[in-house]
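Kindly generate the complete structure, drawing on both the sequences and the hints.
Protein chains: 2
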Amino acid sequence: MAELRKPIPVKEAVERVWENRQDGYTEYISITDCDNRRLAEDIVAAHPVPSFPKSPYDGFAIRSEDTQVAGRNQPVSFKVIEHIGAGQVPEKRLHEGEATRIMTGAQIPAGADCIAMFEICQTYEEGDQPYMSIKRKMDSGQNIIEEGSEVAEGEMLIPKGTIINPGVKAVLATFGYSEVKVSKKPVVGVIATGTELLDVDEELQPGKIRNSNAYMIASQITRAGADYCYYGKLKDELEASYATVAKALDEVDILITTGGVSVGDFDLMPDIYDRLGAEVLFNKVAMRPGSVTTAAVCGDKLLYGLSGNPSACYVGFELFVRPLLQHRLGNQQPFLKRVKAELAEAFPKANPFTRFVRSYITYENGQLQAVPSGIDKSNVVTSLAYANALMVLPGGTRGFKAGDEVEVLLLENQEGQGEF
Amino acid sequence: MAELRKPIPVKEAVERVWENRQDGYTEYISITDCDNRRLAEDIVAAHPVPSFPKSPYDGFAIRSEDTQVAGRNQPVSFKVIEHIGAGQVPEKRLHEGEATRIMTGAQIPAGADCIAMFEICQTYEEGDQPYMSIKRKMDSGQNIIEEGSEVAEGEMLIPKGTIINPGVKAVLATFGYSEVKVSKKPVVGVIATGTELLDVDEELQPGKIRNSNAYMIASQITRAGADYCYYGKLKDELEASYATVAKALDEVDILITTGGVSVGDFDLMPDIYDRLGAEVLFNKVAMRPGSVTTAAVCGDKLLYGLSGNPSACYVGFELFVRPLLQHRLGNQQPFLKRVKAELAEAFPKANPFTRFVRSYITYENGQLQAVPSGIDKSNVVTSLAYANALMVLPGGTRGFKAGDEVEVLLLENQEGQGEF
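Chains as they are written, first to last, in my numbering: chain A, 11 to 430; chain F, 11 to 430.
Because the hints were derived from the structure by calculation, they are not lab data. Predicted model, so just to flag it, every value in this text is computed and none were measured. Wrong hints could be hidden among the right ones.
You can't tell identical chains apart in this list, so a pair holds if it fits in one copy or across any two.
Stated by the list, open to error - Taking lysine to any residue pairs in the SDA-like style, the calculated list, with each CA pair at most 25 Å apart, reads:
{"no.": "1", "residue 1": "350", "residue 2": "370"}
{"no.": "2", "residue 1": "16", "residue 2": "128"}
{"no.": "3", "residue 1": "359", "residue 2": "67"}
{"no.": "4", "residue 1": "16", "residue 2": "67"}
{"no.": "5", "residue 1": "170", "residue 2": "422"}
{"no.": "6", "residue 1": "21", "residue 2": "375"}
{"no.": "7", "residue 1": "411", "residue 2": "256"}
{"no.": "8", "residue 1": "350", "residue 2": "212"}
{"no.": "9", "residue 1": "170", "residue 2": "210"}
{"no.": "10", "residue 1": "359", "residue 2": "154"}
{"no.": "11", "residue 1": "359", "residue 2": "161"}
Given below as structure tokens:
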């Protein structure tokens, strides 16, 4: 009858797969396509920013020494010798009593050491020659953005492993990265098992359910920054199933099967692991949901047997698969971000094993609050829809009151952390 | 000289563009491609879940009444008449003293009203006939997941406007949505202005900078759930520029230009608004950065003139453009999520106008903390790379101490809120 399996603690299960992590690959892609990818090289300033001294305002570039005699009743006049906009290069050096009309972002002409904003200047013409005058003293360097004052040449700007958001993309564009070196997306194979599974476009039939896990896992893989390859549903027959699994394992970086890992009479996966010669790292974890999660190593590849139960499958992916994908992607903080939160509703159920409760995080006056996102039955698929966190209730606890402090793993946080 | 512009409060600027919002469109897409899109219809349970009574365990389906005489020293025996796995439909009705061997997820046979798990059963054979016996009483309904016990038929599951995450996708698959009705992505046109701008693949030249804003805005548009269309850089010539803007405005849902909206001598946009007959909603906002942000309406389309300064451009997009995109996408909470946080570092600068400080949010013991993500100069592009929030420091305040409570707008939060 039922094979005896020894459950191991969650943390130990995480460690066993983590020890079998593999580094990822890199590739160059167009800056246009780099959103949400992770940098595979440090971004270092190839030039100072700004790369020339420039004006922060529309105004006049002058020599501050020429203004030292200026005062409320003593305007000083300047002959305007040039007029430059942003992107133009001043051609004339300023000498005593000369000014250059200059626009925001334009390069400071040689000889000038300050900018007088339009607001404090009077302009006039004599003949066709423009002049301006001011009635106050200026300091050397006033209103000038010096070369390199924002970023010095050679400055380390963004470390590799960083996810590319709009701000990072702006930095890449500034420094001319038309092609960006990023981590290559690992490919995760997905195979469903279970004769009860219908395709999503099939009519419901007695005794059967539609295959939601394959779509859910594909979406989780995508959210984790990887690509997926779906190999369909295993036939209820060992020889053909073995061939499908072996082929998939050969083609992908990591393989996930859903279902078929129990000790039920029709669960083929244990036999397939045998045939593959895979080393089973664990086949039972002391947690709810997901106690029948299996992980195995075959050559240098990880093979996960996640539960056929949607919630267990979901949790198993986030705990055991996601960190290894993040590692391959070069994230130095590959584990789900774990934070403290206040439990907003009582959770009176006892927890003989560590329980991961699908939860929703809100913010009340700067305080994180966690609410279970649905009835916590293993089979209730709808509670996953609102989950943005997993509450971690340690095994051996007897239930929690509203207001208790709990730990939660954030599912939509890109930052992560260094340890489980 | 400088045209006089009257700055309006940020909130009023947001309201003026919000009054000109347009509803979006919908489309059907394959479930395979629906990640991160927003539902354009309510998802209602088309059938109960489960759609048949099923077993949560591997075990034997029996009639509880047959176990009423069982006890520790009094085993009751059952003849095993059928053996069914998940997905199989039981063919035999149970009568007194009969049992069906049943796997997790399989349909309960007619006649049975409880499941005895393998762990409490003894199995044996007489001839080729399998039997099992148990030594305890079972209750009617014990270990049976009743039809509809997870979701009742007709139950409202997920409202339209919800973003499709892995859990939502699982629900869609469960109910057979091979095609999903989602909000169509609005298309935002992007035009850069400024003779100082080089393309990202060009060598740096004196007086010039690379065009980072167009790439940054494209990435912000993508993050906001919309598509972008880049029309390149305007020539420094009114006629051609007008033609480009008019063509773009005709082709997109919303048009953004960056730069050229100051009152500098070479800023063309004000003249182009005139030529288009666009109604300018505002051209100066009492905020830093981004005071020279412009918004205008032309027909039923919004036309934004964001600052050429990267930080001002970034903030202008998030405050004034993003909510209208979210509205078009059917998000009932289209504004950036605003939460309270503790300021982790002093921000001693006075704020004559409302200041939006690019910040990084962290969690310390369940408490949100905000740290400025870089020196807060308008031109410092690198501070955007680490920003996941904008701290809102009200105008008229004299600086803030570490530990002060501040409001922050979360940039990577998908939830949003109903009001600015």
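_Up to 25 Å CA-CA - residue 154 versus residue 359, copy category_ = Between copies only: 20 Å across, 65 Å inside.
*Is it within, between, both or neither when you check residue 350 against residue 370 at 25 Å Cα-Cα?*
both (13 Å within a copy, 18 Å between copies)
*asked:* Checking an output row: residue 21 and residue 375, CA cutoff 25 Å. Within, between, both or neither?
replied: between (33 Å within a copy, 22 Å between copies)
*Alpha-carbon proximity context of residue 16 and residue 128, limit 25 Å*: between (79 Å within a copy, 17 Å between copies)
_One pair to classify: residue 359 and residue 161, alpha carbons no more than 25 Å apart. Within, between, both, or neither?_
between (55 Å within a copy, 21 Å between copies)
*Up to 25 Å between alpha-carbons, please classify residue 411 paired with residue 256: within, between, both or neither.*
Answer is neither: 48 Å inside a copy and 61 Å across each miss the 25 Å cutoff.
_At most 25 Å between alpha carbons: which applies to residue 170 and residue 210, within, between, both or neither?_
between (40 Å within a copy, 20 Å between copies)
*Intra- versus inter-subunit Cα pairing at 25 Å for residue 350 with residue 212*: neither (43 Å within a copy, 48 Å between copies)
*Within a copy, between copies, both or neither: where do residue 359 and residue 67 come within 25 Å Cα-Cα?*
For residue 359 and residue 67, only the inter-copy Cα distance (20 Å) is at most 25 Å; the intra-copy one is 64 Å.
*When no copy is named, should residue 170 and residue 422 be tagged within, between, both, or neither for a Cα gap of at most 25 Å?*
both (21 Å within a copy, 21 Å between copies)
*From the Cα coordinates, with 25 Å as the cut-off, is the pair residue 16 and residue 67 best called within, between, both, or neither?*
between (71 Å within a copy, 18 Å between copies)
In summary, the structure is inconsistent with hints 7 and 8 from the numbered list given earlier, while agreeing with the others.
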